[in-house]
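Protein chains in written order, with this note's numbering: chain R, 1 to 243; chain D, 1 to 426.
For the record, the hints were derived by calculation from the structure and aren't laboratory data.
Mixed in with the good hints, there may be bad ones.
[Unchecked claim] Here are the simulated DMTMM-like pairs of lysine to aspartate or glutamate, each with C-alpha atoms no more than 25 Å apart in a straight line: (1) D/K334 x D/E154; (2) D/K360 x R/D160; (3) R/K77 x D/E154; (4) R/K153 x R/D191; (5) R/K77 x D/D344.
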Amino acid sequence: MTEAHPQTVYRSLLGGDPRIGWLGPGLALAIALHVAVVAAAFFLPRLLDRPAPVRKPVIAHLVALGKPRDPRLMPRKETEPPAAASASSAPEKPGAPSSGKTAPRQLTRQEMMERALAGAARRTRDEKPDPERAGQETGSPAGTAASAEEGEKYFGEVEDKIHANYVVPSVISERERLYLSATVVIYIGRDGSIVKHVMTKPSGNSFIDQALVLALQRTRLPPPPAELARLVRDEGLEINFKP
Amino acid sequence: MRRLLLLALAAATAAHAQRPTIDISGARVQAYPIALAPPSGAPEGADVMEVLAADFDRSGLFRLLDPRSFLADPAKEGSSANTIDFSKWTAVGAQALVKAAAKVDGDVVKVEFRLFDVPHASELLRGEYSAPRAALRQIAHRFGDDVVRSFTQEPGVFQTRIAYVRETENGKQIVVADWDGYGPQQVTSASINLLPAWMPQGRALAFTSFRDGAGAHLFQVDLGTRAVQPLVKMGDFATGAVFSPDGIRFAFSASQAENTDIWLSPIEGGVVRRLTDSRGIDISASWSPDGKRIAFVSDRAGSPQIYTMAVDGSDVRRITFQGNYNQEPAWSPKGDLIAFSGRDEHRVFDLYAINVQTGKIARLTQNEGTNEKPSWAPNGRLVVFSSTRSGRKQLWTILPDGSNARQLTNEPRGASDAAWGPLPRK
Numbered sequence: 001m002t003e004a005h006p007q008t009v010y011r012s013l014l015g016g017d018p019r020i021g022w023l024g025p026g027l028a029l030a031i032a033l034h035v036a037v038v039a040a041a042f043f044l045p046r047l048l049d050r051p052a053p054v055r056k057p058v059i060a061h062l063v064a065l066g067k068p069r070d071p072r073l074m075p076r077k078e079t080e081p082p083a084a085a086s087a088s089s090a091p092e093k094p095g096a097p098s099s100g101k102t103a104p105r106q107l108t109r110q111e112m113m114e115r116a117l118a119g120a121a122r123r124t125r126d127e128k129p130d131p132e133r134a135g136q137e138t139g140s141p142a143g144t145a146a147s148a149e150e151g152e153k154y155f156g157e158v159e160d161k162i163h164a165n166y167v168v169p170s171v172i173s174e175r176e177r178l179y180l181s182a183t184v185v186i187y188i189g190r191d192g193s194i195v196k197h198v199m200t201k202p203s204g205n206s207f208i209d210q211a212l213v214l215a216l217q218r219t220r221l222p223p224p225p226a227e228l229a230r231l232v233r234d235e236g237l238e239i240n241f242k243p
Numbered sequence: 001m002r003r004l005l006l007l008a009l010a011a012a013t014a015a016h017a018q019r020p021t022i023d024i025s026g027a028r029v030q031a032y033p034i035a036l037a038p039p040s041g042a043p044e045g046a047d048v049m050e051v052l053a054a055d056f057d058r059s060g061l062f063r064l065l066d067p068r069s070f071l072a073d074p075a076k077e078g079s080s081a082n083t084i085d086f087s088k089w090t091a092v093g094a095q096a097l098v099k100a101a102a103k104v105d106g107d108v109v110k111v112e113f114r115l116f117d118v119p120h121a122s123e124l125l126r127g128e129y130s131a132p133r134a135a136l137r138q139i140a141h142r143f144g145d146d147v148v149r150s151f152t153q154e155p156g157v158f159q160t161r162i163a164y165v166r167e168t169e170n171g172k173q174i175v176v177a178d179w180d181g182y183g184p185q186q187v188t189s190a191s192i193n194l195l196p197a198w199m200p201q202g203r204a205l206a207f208t209s210f211r212d213g214a215g216a217h218l219f220q221v222d223l224g225t226r227a228v229q230p231l232v233k234m235g236d237f238a239t240g241a242v243f244s245p246d247g248i249r250f251a252f253s254a255s256q257a258e259n260t261d262i263w264l265s266p267i268e269g270g271v272v273r274r275l276t277d278s279r280g281i282d283i284s285a286s287w288s289p290d291g292k293r294i295a296f297v298s299d300r301a302g303s304p305q306i307y308t309m310a311v312d313g314s315d316v317r318r319i320t321f322q323g324n325y326n327q328e329p330a331w332s333p334k335g336d337l338i339a340f341s342g343r344d345e346h347r348v349f350d351l352y353a354i355n356v357q358t359g360k361i362a363r364l365t366q367n368e369g370t371n372e373k374p375s376w377a378p379n380g381r382l383v384v385f386s387s388t389r390s391g392r393k394q395l396w397t398i399l400p401d402g403s404n405a406r407q408l409t410n411e412p413r414g415a416s417d418a419a420w421g422p423l424p425r426k
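Next comes chain R alone, as it looks inside the complex (with noise of 0.2 Å):
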C-alpha cells in the first residue's frame, strides 16, 4: 500500500502555486492592473488634453448705502464710494492713556474682535455719504453696487480690486477702447499677490496691452478663502477685460 500524500488545496489567488513559485498569476495581474490605473491617472489629463473649462462664478458686490433712485427721474452723476477707513484709525478706549512707560497689554481675540466691531459700528455711523446717491437702506458706505446679488464674495473683491486700476489711455481711438478686448490668466498665491499672469488674448492694441498688464501689477488682491485657494493658484483666474 502506498502512503497517501496531502493534498494542498489552493482557494486563493494571490497565494500562488508553490510549484510556480510565489509569483503566481493573479499576483501579476493585480501588479498589472494597479500599473494601469496610475498610468491612466497620470498620462489620461495630458492625453486628453481639452482646454479646461472655465466656471462663470456670480460675482457679488457690497450693495451701497442710499434709497434706489426713482427710475423716472434723471440720472445723477456716479459718485465713488467713500475711501476705506485706515488701520491706523482704530479707537482707543476712553480713558486710556495716550503714552506710558508701561507697554501695551496683549489684547486678546474677544477684545480685538469687539474693538474692530465697535470702531467698524462708528464708521458707519459717522459717514456722510451722498444723501442722492442710489443704493439700499441697509447698505454699507463703501458699497460697490446699487442693488444686491447673490454670489461669490471673493471674486466680487477681485473684480473690484482690478477694476479700481483699470485704466486706459485716452490717445486710444474712441472705436478701439469701445470695442477691444482681451483675456488675462491671473494665478493668486495664497497670500493674494499675482504671482503671474499669462495674456491668453491680447486686444491687438499695444497702448491697450500695455495697459492691462499695468493693472494688474498695480494691483494688491485680498488673501483667497481657504476653498478657493488651491484653484486660484493652480488653476487661475480668467479675466476678460470688456470695454
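Take the given structure of chain R and dock chain D to it, following the hints.
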C-alpha cells in the same frame, strides 16, 4: 476593476479643475502723460509751446507734466532720438515727449517739432511748421492736430472754430472764435440773433434773427464778406436751421397756424417739406451723422422729450422717458450718443447723453449752475455748452464723460448758443 478605473478618472478630472472666469468692463480713461520740453531758438518758440500746452490740456487727451519736475537739461540734451536720455523722461512719468526749435525769418516764424514715444525711445513725428507772426497760434494748432492724429488716427479739432451768441448792449450778436475762444469776431451788429448753425464748408452761418421786424426768421451770413441774406421766411416764425451731413438740405422749425413742426428744405431753396405734423410743438432738429435720421424735441406726450424720426418723417420714436423737460438734442458725430439738456428734480438744467442703442442716460454735469445747449466737436471727443458755473453764462468745453471742464469764453455780458464748426478743409 471597472471601479478602480472610474476612481482613477475621477481623480484625474479633479486634478484638472475648472478655471473660473470673470468679466471686467468699464475702463476709466486717463489722459496720456506728455512732456513739452522747453523750446530752443527764438523766443517765439515759447509762445507757440504755450498755445500747444493749452490745446493739449483742453483736449483731455493729454496730461501735461510739470516742467519743474523735468530731470533732463534742455541746454545739453539734443533733439534727436539718439541724443535724448529717455530714462530721465521715463523717470518723470512721461509717455510722450515734444521737442521744438524756433527761428524767425523776416515776419515768418518757423518751428521744427519732434514727437517722441518715450517707452520705446523712438521718434513718432517730425515736421517744420511756419506762419506769419500774427498767426503764430496756428503753428501750435496745426502741429497739435498732427499729434492727435498720430496717436488716435482721428482728426484733431485745434484748427476748428466755434460760433456763439454774445450778449451786447445792442442785443444778441453772432460771434465766431477759434476753438479755444481766442480771436472772437462778431459777424452781426444789430437786432437779436440766435442759434447759429454752420453751413457746409464752414464759409457761412445760418441763424435766427428778429431783424426784419416781422418775428423770428432764418438768415445767413457770409463769414468772408459779412453779407447777411434771408434764408427762410415762412409762417409765424422759422428758427433753428441745421444742415444735413452731406450739405444738400437743412431742417428747421416753423410755425404755421399756431402749430410748430420740423420742415426740410433743399439748400438752394425751393419746395420745403413738412416732416412732423403733431398737435404739439416740434423743434430743435439735429441730424444723425449718416443723414438718415433726425432727433428733435416734441411735447406731443405732454412734456418736452427727445424723439428721433427717419429723414422722411416716418418711424418716429420717443427715446427719453426720464425727467419731465428734455431739450436741445445734439447727435454725436460718431452716432452713438445724443447729448441734450434736461431739467432734474431740483428744477436745474444739466447736460446728459443718451446711448441711442441702449437708451441708457449718463449725466455729464451736476451741481454746477445751469448747463445748456450742447454742441459736439466734429471728432466727437468734446462737447461745448453754456454754463453759469462761473457767474454769467459762458461757454465751456467738457469731455463726453463729463470730465475736464474748461472755460472757453469770458464775455463781459455772457455767451450762449454754441455751435462747433466743421473740420478745416485740406
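We went through each hint and held it up to the structure:
no., hint, verdict
1, D/K334 x D/E154, "holds (12 Å)"
2, D/K360 x R/D160, "holds (22 Å)"
3, R/K77 x D/E154, "violated (28 Å)"
4, R/K153 x R/D191, "holds (17 Å)"
5, R/K77 x D/D344, "holds (12 Å)"
Consistency with the previously given hints fails for number 3 only.
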